[in-house]
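**Q** Going down the list, the sequences are from chains Y and E. Residue numbers 85 to 201, in our numbering, belong to the letters of the first sequence in order. Residue numbers 24 to 136, in our numbering, belong to the letters of the second sequence in order.
Hints were generated in silico from the structure; no laboratory data involved. Keep in mind that this is a model prediction, so the values were computed, not measured. Some hints could be false.
No farther apart than 30 Å at their CA atoms in a straight line, the calculated lysine-lysine pairs in the DSSO-like style are these [stated by the list, open to error]: (1) E:Lys37 <-> Y:Lys193; (2) E:Lys32 <-> Y:Lys193; (3) Y:Lys154 <-> Y:Lys100.
Derived coverage of chain E by chain Y (criterion: at least 3 residues anywhere in the stretch with Cβ under 8 Å from a Cβ of chain Y; other residues may be distant) [what the hints assert, rightly or not]: (4) 25-37; (5) 60-66; (6) 126-134.
Here a beta-carbon is modelled for each residue, glycine too, at the ideal position from N, C-alpha and C.
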Amino acid sequence: AQKITQTQPGMFVQEKEAVTLDCTYDTSDQSYGLFWYKQPSSGEMIFLIYQGSYDEQNATEGRYSLNFQKARKSANLVISASQLGDSAMYFCAMRDGALSGNTPLVFGKGTRLSVIA
Amino acid sequence: NAGVTQTPKFQVLKTGQSMTLQCAQDMNHEYMSWYRQDPGMGLRLIHYSVGAGITDQGEVPNGYNVSRSTTEDFPLRLLSAAPSQTSVYFCASTHRGGNYGYTFGSGTRLTVV
Chain Y
85 AQKITQTQPG MFVQEKEAVT LDCTYDTSDQ SYGLFWYKQP SSGEMIFLIY QGSYDEQNAT
145 EGRYSLNFQK ARKSANLVIS ASQLGDSAMY FCAMRDGALS GNTPLVFGKG TRLSVIA
Chain E
24 NAGVTQTPKF QVLKTGQSMT LQCAQDMNHE YMSWYRQDPG MGLRLIHYSV GAGITDQGEV
84 PNGYNVSRST TEDFPLRLLS AAPSQTSVYF CASTHRGGNY GYTFGSGTRL TVV
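Chain E extracted, bound-state conformation:
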């Protein structure tokens, strides 16, 4: 089925470890973004991309890295995991412009111990 695929769904990391959250979409969306969701905080933007080769920082970018080498993929890298990065992470994509609702992945629940 067409949509946004996030892997893994669950992950436990030790402090200091690094990992990559994967996000792929097959809808030819130009626009992709990563959010983290914490209780009482809504969804906060980490990084976003308006097309292959173009990325920009969101509200809470520290400790995260992204790249966009293809239209389909937008991985999020945690460089050195910290307990403060325990959260649910969502990837989302949409066409540029207009009234297109974002399509969200199912989320990754990350725990850093």
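Looking at chain Y on its own, in the form it has when it is part of the complex:
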């Protein structure tokens, strides 16, 4: 069964600094997708970035990048130049058999990021 582990319950970062949020995963499937979501205090879930297991390059979306290390089964989120608006809960998630689309998205427990001015 697929499993997502986020070991950092909370993180602090100075404004304008970069921060890495850790995520490790476990799956026996060769085809899978990795996702990161942001949940601000208002409660909505915002999709940030996606990495497919067969993608050779790390995914990037603006200030977000995903440091994908397949052999280590890690998919860390890197936020560059942190802003006060980045303060939120961040969830790592995985979907086995991403190309078939028949399996659900499984989430980690999240990391609460606080950006300090």
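Assemble chain E onto chain Y, guided by the hints.
**A** Same frame as chain Y, now just chain E:
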């Protein structure tokens, strides 16, 4: 606006009452799912559906029922509410396969007293 619509946004139930949380999407997504979010637990999957007429159980299905008669709608039924079902419930949808991020509804905050 296109997206996932959840109703109601807030609900208070008494123990033993039943109710239905509504979820509708207008993006022609095949895949829909229900999650509950509790402090320190992340989002846990309750039920999901890969298309009309097809549903399956997730991690925490007990006490909940679903059906998918149309592509657009995926209601979640609480059969006999219990205080342990106090939570925030999210509905989400996506296209099958590939790198599509799930679109989430705004959530329903349910309190069972």
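**Q** Which constraints among the numbered hints does this structure fail? Numbers only, ascending.
**A** Of the numbered hints given earlier, the structure breaks just one, which is hint 4.
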